[in-house]
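A.B. asks: Residue numbers (our numbering), protein chains in the order written: chain A, 1 to 373; chain B, 374 to 746; chain C, 747 to 1119.
Simulated from the structure, these hints should not be mistaken for laboratory data. Glycine is no exception: its CB is placed at the ideal position from the N, C-alpha and C atoms. Incorrect hints may have been included.
Far from chain B, some chain C residues (derived; all Cβ distances over 10 Å) [unchecked claim]:
| id | residue |
| --- | --- |
| 1 | Ser881 |
| 2 | Pro888 |
| 3 | Phe1020 |
From chain B, some residues computed to sit far from chain C (all C-beta separations above 10 Å) [as the list claims (entries may be wrong)]:
| id | residue |
| --- | --- |
| 4 | His442 |
| 5 | Arg469 |
| 6 | Val509 |
| 7 | Gly516 |
| 8 | Leu518 |
| 9 | Ser538 |
| 10 | Tyr539 |
| 11 | Ala552 |
| 12 | Arg586 |
| 13 | Thr621 |
| 14 | Asp623 |
| 15 | Glu626 |
| 16 | Glu638 |
| 17 | Ser663 |
| 18 | Met688 |
| 19 | His698 |
Stretch-level coverage of chain C by chain A, calculated; a stretch enters the list once three of its residues show a Cβ under 8 Å from a Cβ in chain A [what the hints assert, rightly or not]:
| id | stretch |
| --- | --- |
| 20 | 858 to 864 |
| 21 | 1066 to 1078 |
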Amino acid sequence: MPTWVRNCWYVIAWSHEITYAPPKGQVFSRTVLGEPIVVYRTSAGLSALADRCCHRGAPLSKGRVEGDHLRCGYHGLLFDQRGACVAAPGMAAPPRAACVKSYPVVEHNRWVFVWMGDPAQADLTQLPNNYSCCSVDWHYEPGYLHYDTDYRLICDNLLDFSHLSYVHEATLGGSTEIAQAKPEITNLSQPGQRGLRVRREVARVPSPPSYQRIHRFEGEIYRWWDYDFVLPGTLLMRSGGRPAANNTVDRGEVELHSCQTLTPETEHSTHYFFQQSHRSGMGDAELAASMHAMLVRAFDEDKDIISAQAQSLAMAPDFQMLPLHLDRALQQFRQLLAREIAAEHSPAVEVLTPTRPVHPVRTIAVHTEPLLK
Amino acid sequence: MPTWVRNCWYVIAWSHEITYAPPKGQVFSRTVLGEPIVVYRTSAGLSALADRCCHRGAPLSKGRVEGDHLRCGYHGLLFDQRGACVAAPGMAAPPRAACVKSYPVVEHNRWVFVWMGDPAQADLTQLPNNYSCCSVDWHYEPGYLHYDTDYRLICDNLLDFSHLSYVHEATLGGSTEIAQAKPEITNLSQPGQRGLRVRREVARVPSPPSYQRIHRFEGEIYRWWDYDFVLPGTLLMRSGGRPAANNTVDRGEVELHSCQTLTPETEHSTHYFFQQSHRSGMGDAELAASMHAMLVRAFDEDKDIISAQAQSLAMAPDFQMLPLHLDRALQQFRQLLAREIAAEHSPAVEVLTPTRPVHPVRTIAVHTEPLLK
Amino acid sequence: MPTWVRNCWYVIAWSHEITYAPPKGQVFSRTVLGEPIVVYRTSAGLSALADRCCHRGAPLSKGRVEGDHLRCGYHGLLFDQRGACVAAPGMAAPPRAACVKSYPVVEHNRWVFVWMGDPAQADLTQLPNNYSCCSVDWHYEPGYLHYDTDYRLICDNLLDFSHLSYVHEATLGGSTEIAQAKPEITNLSQPGQRGLRVRREVARVPSPPSYQRIHRFEGEIYRWWDYDFVLPGTLLMRSGGRPAANNTVDRGEVELHSCQTLTPETEHSTHYFFQQSHRSGMGDAELAASMHAMLVRAFDEDKDIISAQAQSLAMAPDFQMLPLHLDRALQQFRQLLAREIAAEHSPAVEVLTPTRPVHPVRTIAVHTEPLLK
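Working from the sequences, and respecting the hints, build out all of it.
C.D. replies: Take a look at the structure:
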C-alpha cells in the first residue's frame, strides 16, 4: 500500500519556477509521488508530461521547448503538449504508441498543481484557497524546503503545535503555555473537503520574537491559531495576537495568513512549499525580509528535529509510537489518509495510472494571471 | 545470529566526552550494537538512556539536560535518570508506558561503560583493568578512531602482530623478525575471564622508530609484547624492549602499557578507543606528544589496510579466508566469540533485551573520580 | 544471467598506466566484471592477478612489487607472477592452496587486455585491430572516462549516430541531416568476428566545428562514418569528410581513425577507453590538443545524457523501451550479446571461472613494445 492518495492536486512548483521558453537543458522538472514530471509553458497555458522519453528513457527535461512542443535531447523525438510524439528522425509518421503520459495541470494563486490520479476525476473545486499567495491585501515571500523524510512526519508536525514551545522556543514560540493549551479539533464537513480544522488559543503569553517585529507589544498577549489541514497535506492558517484582556493601553494587533503544502517526492523525501503573509501596508520591505528570514529559520528548526526523528525511526523498524492526548489531530489525519488510500485500492474504485496511455484523456491547463508581480 | 555478545561492558566514551550540564543540542550520544544511547551526568553519577523518545521517536540528544532529568526537544516530554517520563505537556501524569530503556552505566579509569545485555547480570567484576588510563605512574593520551568495518576484522588485527612487520614497517615495526616469531597463546583461566593471553618476543631486532624517541638504543634490542585480549574486544598490553643480551654498555629500557577496546557501532562500523602509556617522568611533554602522534599514525596504517580489506570482502561474499599458523590466536578468539553468542541465543539462557521496559531493573552508576586531570 | 560475455579480451588499462617497479601502495588495480585485478610489469612481460589475498582478503594492490613477485601489505605473503604463494611469515613452505587467480594478460597497441573467461580459450586472434593507438602514421591522445551506468547503454549510444544531431549539436554534429540518414548495417562475417559493421553517409551538410579545426571547408561537405562494433563493446571507426560533390574549388579532406572500448566495472559502472586519431603531419601540437579537447567535450555530452537516462531508468524498473527504426543496429547488437551470454551459460559449454585454482592453466603475457613514446 502506498503512503499517499493519488486523486489529489499536488503542488509541483511556485509559478515563478516555470519560465517561458526555457533555453536548452533548463526545462523545469520535479519528481512527484516517485514520478518525474516536466512542466513548461505553452501558448495555451501549461503542459505537464512524464519526464521520460518513451523511446529509450532519457529525461525530456534534458531537451528543449520548441514553441508548444518539447524535443528530447537524445535522439530528437518531438512531443506535443498532450504527450503525443509528432516527429522522430527519419520517420514519416511516428507510431501511435510513441507518447508520454500527460498530467492535468493548473496554476492557481502562484502555485502550480498537478493531478496525480485518474485524469477523468480531476476536479478544480478541490483546489485549496491559498488566496494570500496572490492578493494585493497580503504581503508574501515564497518559500521552499526539501526534506529527506516521509511527508507524513511533516504532517504530524503541522498538526500538533505543542512543539512550538520546544522546537521554536527562540523564534515562533517563546512560552510553554502553548504546549499546555488544548486545541479544539473538528472534522471539515463541507462536501469535497477532506481534512481537519484546528483551533488553539492561549490567554496570556509573552509576545514571541516574530510578533515583536510587527508590533512592539508592551505586555503579555492573547494568541490564537486557526487552521484547516486538508488532503494531500496542505495547511491554510489564520493566526495572530493582541494585548491580553486587561491591557487597556496597547491597541496593537498582529494578523497573519499562511499557506503551506507538502508534496511527496518519493516515499522518503518531500517538497515543502510555504509562505506566511502579513497585511500589506504593515511595515516596510525590511520588515517583510526579516519576517521571512525568521520563518525560514523556524522551518529549519523543524527540519532539523524531523530529519533527526526520521533517522532515528529508520534505525528502529519495530518502533511503535506512543499516542498521547496531544496527538489527537495528527492521529485523526493519519486515519483519514489511511482510509482514502485504502479506498483508492479497493477493487471497486480502481485508480487509473497508465504508464503509457495511447492518448491522455484530457488536459486541464488553466493559467491564472498573477495579480501582482 | 548477531556478530556480538550482549552481556558485556562496552566502552561508549572517554570520561571527558561526557560533560556536566550540556547546553541544548549538545547532549552526548553514541550508537552501540545498533542502539543509539544518550549519556549525561547527574548529581548521583551517570545516566544512560535509549536515545529515542518513546512518544514519536525523536532523538533525546536533540533535547537538553534539566538537573537530573532529560527533556525531549520535540514536544517536551521530561524523563528521569532511570528513563521514566515524569512530565508531558498538558497531562497531569504521563502513562506508565511512557518511558525509555535505561542501561547500566559505569565510569572506570576514564572509560565510560554501558552494559548491553540483561541488566540483572551486569557485573562490575567484569570491568577490564585499564589502570594506565588513570594513574599517576603512567602518562597517557586518549585516542579514538571510527571504522566503517565489522569490529571482528580489527580484533583479528590485534590478535596477530605479524602485521607489525609489514603494515607498520616505518612506525611500530621495523623488522620482519617480528612476523617470523611464534607467539605463545594461552586461554585465560581465572573465573569470569573470557579471552586469550598472547606473548611474543624477538631476541635481536633493530629498535623501532617509536622506541628511539624514548631511548636512543645503540644496538639491536630484545623486544616483547604480553597482552590479554578479552571479550567483547579489549586489549590490555604490557610491552617493551631492552638492549639485546650481549650488549653490556647500554642499560636503557622501554616499558609501555596500552589499553585498547572495540565497540561495535553497527554490524558494519566500530568505535575504537585506545591509548598507549609510558612511565611518568620519562621524557617531557614533547616526547608524550610525539609518542601519541606516532601511535595515531600507526593506527591510521591499520585503518587503511583493514578498511581496504573490508571493502574487498564486501565485493566477494563467497570468499573463504585461508587459515595459516599465524592465525591461531585470532581463530581461537573468533571461536570463543561464536560460542558465547550461541550461548546467549540458546533457548535455556534467554537474554532480556526489552525495547521498552516499564521500569529498568536496576541502574548501576558508579562514578570513579579521576585521579588526575 | 549476467549482462556480459566472459570469453573476451577486455581492456583494463592504457599501457602508460602500468608503470615499472611501482613504489609501495601504488600497484595498479582496476575492477573488471566485478573482479578487482592487480596488474604489474615483470621481467617477462605482465602479470594480472586477483586483487584479493587468499589469506584474509586484503587487496594485494596495497602491497608492493618485489622483482617479479607481489607481496601482500598486510601479513607479507609473497606471490609469484602466476599467483602461487611462494613465502609466508614463519612458514617453511606455504600450502599449495595458498594462491590467487591469475588472468591471461596481453599488451597490444597500448591497450592492456585481460581475458575474463576460461584461460584455455584465450585467443590472441580475437584482439581488436586498434592500430592507430600505436602507429607513426596517426596522432592520438589517450582518453578515459568512468561511467556510473550499465555499459550496454553506452553501446546503444555508439550504435546509433542519430544522436550526433542533438547531443553533439555544437561539437561533432551540427546538422539534423545526420539523424535523418539511414545507416547500412551488416553482420561481420569473418570467422571469429562477433559484431556489426555500420556505415552512414550524408551528401551535403555543414562542416562540424571539429572538422573546421583540421581544414577550413568553404562550403558544405560530404561526411561518412564506417565502423565495426564488436564484442565485448569495441568501436573501430574510420570517418571523414570532403567537399560536397559540386564543389570544384576546395580539395581538402578530413580522415580520422577512432578506437573506443567499454569494459564493465560492475553491472552498474563502466570503464571507457577511447582515442580519435588524425593523420600525422596534419596540423601541429595545438591542433592535436584542441582536437582532443573537443572530443572530451563531446564525450562529456554523451556521459551527461546517458547518466541522466540511467537514473531515469533506475526509477522505473518496469519501463519498456520503444524500438524505432533508428535502433536497428543497437537491437542487433543486444541480441548478439544475449545469444553469446546464453551460450556461455548453457549446460554444454560451461565456462570455467574458478575462484581459487590450484594453478592457473596458462598465462599469456605478450608485451608489445610501443613504437613511439
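A.B. asks: For each hint, tell me whether it holds in the structure or not.
C.D. replies: Results of checking the hints against the structure:
no. : hint         : result
1   : Ser881       : 38 Å, holds
2   : Pro888       : 27 Å, holds
3   : Phe1020      : 26 Å, holds
4   : His442       : 46 Å, holds
5   : Arg469       : 46 Å, holds
6   : Val509       : 39 Å, holds
7   : Gly516       : 22 Å, holds
8   : Leu518       : 18 Å, holds
9   : Ser538       : 6 Å, violated
10  : Tyr539       : 5 Å, violated
11  : Ala552       : 4 Å, violated
12  : Arg586       : 23 Å, holds
13  : Thr621       : 31 Å, holds
14  : Asp623       : 28 Å, holds
15  : Glu626       : 27 Å, holds
16  : Glu638       : 22 Å, holds
17  : Ser663       : 24 Å, holds
18  : Met688       : 7 Å, violated
19  : His698       : 7 Å, violated
20  : 858 to 864   : violated (count 0)
21  : 1066 to 1078 : holds (count 6)
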